[in-house]
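S.K.: Sequence:
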Amino acid sequence: MRAERALCLVRVLVGVAILVPSVAAAESRGRELYKQHCAPCHGETGDGQGELAYLVYPRPRDFTRGSFKFRSTPSGEPPTDADLMRTLTNGLPGTAMPSWRGFSEADRRAIVEVVKSFAPRLFAREGHPVAIPDPPGDLSSLATRGRAVFQRMQCYQCHGQGGRGDGPSSATLKDDWGVPSRPFDFTRGARMRGGSMPRDIYRTFMTGVDGTPMPSFADSVPEDERWPLVAYVMSLSRGGARAPTRGPVEVREVEQAALDPNDGIWREGPATTVELRPLWSRDEYADTASVRAVTDGLRLSVLVEWEDARRDQNNFRAQDFRDAIAIQFPVAVDGEAINAADLPFHGMGARSRAMNIWHWKADWQADLGRGVRDLDAIYPRNATGQYPRDSEERAQFYTGRAAGNPLSRAKRTSAGEELNATAPGTLTSQPQESQELEAKGVWAEGKWRVVFRRNLESKDGENGLDVQMAGLAHVPFALAIWDGAAGDRNGQKIVSTWSEMIFPGGGVGGGCALVRLPTRHGAASAAILVAVAATIAVGLGARRSRRPR
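Just so we're on the same page, the working numbering is the position in the sequence shown counted from 1, plus 103.
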């Protein structure tokens with residue numbers, strides 16, 4: 104009996120050894136990830152007042168108010184853990200809230216616990232999901248009935264007769280914070296923030312969207328009319344629900360890494376679709392970019408393609424904004440490993456790690472071969488006598504050039520440049536002698552095609568300015584795109600989260616640059632407790648063996 108009790112004690116202590124460190128580690132890990140990736144927008148205390156909150160619209164959610172838009176529970180009830188996981192995993196299309204699918208499930212659950220900690224009174228209660236029946240097999244055939252429901256419930260008052268979010272009441276709607284709240288445009292069904300699949304739409308109808316004018320229809324729409332309403336709303340979508348394409352960019356080996364976007368090598372091999380989201384929500388934007396990459400063993404060439412209805416290459420007047428694109432890479436130090444969840448915040452990085460940014464600009468592309476254009480390109484008949492002529496002798500009239508400002512050069516040698524950043528507001532152009540990036544962009548038929556090319560191993564490798572890719576298997580990257588026609592500039596842009604490039608021999612995608620060894624703190628603590636438990640068990644066993652039978 105004593106031996107059995109000893110064995111039970113061993114089991115308990117071993118369980119404690121494993122459980123206690125893991126729970127504490129998960130909590131610590133969640134707060135670390137939240138601070139690094141979520142706090143820049145949502146704030147360190149979850150109040151939605153992060154340092155970057157002013158750059159995004161809709162505003163980041165204030166978790167402390169206990170109001171969550173997308174739930175499977177009735178209005179006013181807390182969301183379930185599965186609801187929060189769904190938002191973390193899928194993001195909110197059409198907004199700055201990205202998908203964090205690249206994080207492990209354990210890391211996402213750890214972040215969920217942090218979010219819940221900001222509204223303890225709300226999450227002291229348990230939410231009860233609404234029942235969602237299986238959709239009928241002939242769902243699309245119910246759209247006609249659904250239109251009648253749409254009319255009877257006066258959904259058009261907000262969403263408009265065509266479902267474009269332009270109903271008579273749309274201009275007056277505000278959320279609980281007094282901020283204008285535009286009804287969703289159903290013609291963009293694939294971007295429904297609560298999900299675009301039939302069950303997602305049904306759930307949103309039944310639960311409402313807390314904090315907004317969108318109510319729950321659980322008490323006003325009979326069960327036999329709910330799926331028809333879903334069918335009608337889905338029929339309004341121009342593109343239907345599209346599953347996002349994810350995956351790494353496979354870097355192909357070629358004889359020569361091309362710079363020309365129209366080179367034949369780009370017609371070979373697969374392209375990877377990278378999902379994009381606007382920081383400032385708007386109707387029209389490129390929601391994806393296509394990425395290809397090749398290497399000749401010495402250089403890397405990356406082709407990025409995205410839709411843009413208008414070519415914007417002028418940047419002279421206050422009302423003019425250029426098209427542009429940037430690729431961002433984290434700079435590893437001394438070959439260190441970078442796991443996916445340990446990457447810095449995708450919005451210009453963090454002070455703990457420098458970002459190497461390759462930036463192509465459409466106006467620089469137009470300047471190549473003919474000198475930097477000026478106002479006379481827009482106003483050719485403007486009198487020029489009031490402007491000093493561009494000459495070395497009159498350089499004092501061009502203070503930017505006299506100071507060596509790289510943005511004020513008289514001639515361009517490339518349409519792109521390399522920059523560095525360690526956080527928002529720290530963007531810095533590299534010195535001219537450090538610029539090794541080549542870039543070329545071509546616009547045709549409503550699409551930009553831009554190629555970046557640089558040596559795998561740059562001459563600035565030792566000073567920590569450049570990403571060094573020679574010998575790496577996986578390289579993380581993120582995209583930012585500016586649409587001049589939409590007024591994009593500075594922090595107003597369309598962005599991706601981290602993706603990765605896999606070089607030849609790099610194996611399957613793992614979301615990291617290199618594999619990092621696990622830390623040993625948790626293992627050491629467990630080993631100590633296991634050893635103590637074993638010692639107790641041995642001691643008890645020995646005492647038992649000395650007792651007379």
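The set of hints was computed from the structure by calculation and includes no laboratory data. Be a bit skeptical, because a hint or two may be false.
[Said to hold, decoys possible] Using 20 Å as the maximum straight-line C-alpha spacing, the simulated EDC-like pairs for lysine to aspartate or glutamate come out as follows: (1) K514 x E548; (2) K219 x D363; (3) K562 x E548; (4) K138 x E229; (5) K550 x D415; (6) K277 x D363; (7) K562 x D445; (8) K550 x D445; (9) K550 x E410; (10) K550 x D399; (11) K550 x D363; (12) K562 x E541; (13) K219 x E326; (14) K138 x E539; (15) K550 x D390; (16) K543 x E410.
S.K.: Now tell me, hint by hint, if it's right for this structure.
M.R.: Right, here's what the structure says about each hint:
1. As the CA atoms of K514 and E548 are separated by approximately 29 Å, the hinted pair breaks the 20 Å bound.
2. Restraint check: the Cα-Cα separation between K219 and D363 comes to about 50 Å, which exceeds 20 Å; the hinted pair is violated.
3. For the given pair, K562 sits about 38 Å from E548 by alpha-carbon distance, which is inconsistent with the 20 Å threshold.
4. For the suggested pair K138 and E229, the alpha carbons sit about 26 Å apart, so the restraint of at most 20 Å is broken.
5. For the proposed pair K550 and D415, the alpha carbon gap of about 12 Å is at most 20 Å, so the pair holds.
6. Our distance criterion of 20 Å between C-alpha atoms is broken by K277 and D363, whose separation comes to about 49 Å.
7. Our distance criterion of 20 Å between C-alpha atoms is broken by K562 and D445, whose separation comes to about 27 Å.
8. For the suggested pair K550 and D445, the alpha carbons sit about 34 Å apart, so the restraint of at most 20 Å is broken.
9. Straight-line distance between C-alpha atoms of K550 and E410 comes to about 4 Å, which keeps the hinted pair within the 20 Å bound.
10. Note on K550 and D399: the hinted pairing is violated, with a Cα-Cα distance of about 27 Å set against a maximum of 20 Å.
11. Only pairs whose Cα atoms come within 20 Å are accepted, and K550 paired with D363 is accepted, the gap being roughly 15 Å.
12. Proposed proximity of K562 and E541 is supported: the alpha carbons are some 15 Å apart, at most 20 Å.
13. Our distance criterion of 20 Å between C-alpha atoms is broken by K219 and E326, whose separation comes to about 32 Å.
14. Distance hint between K138 and E539 is unfulfilled; the C-alpha atoms sit about 34 Å from each other, more than 20 Å.
15. Among the hinted pairs, K550 with D390 is consistent with the structure: their alpha-carbon atoms are about 13 Å apart, no more than 20 Å.
16. Simply put, K543 and E410 have alpha-carbon atoms about 17 Å apart, close enough for the 20 Å limit, and the pair holds.
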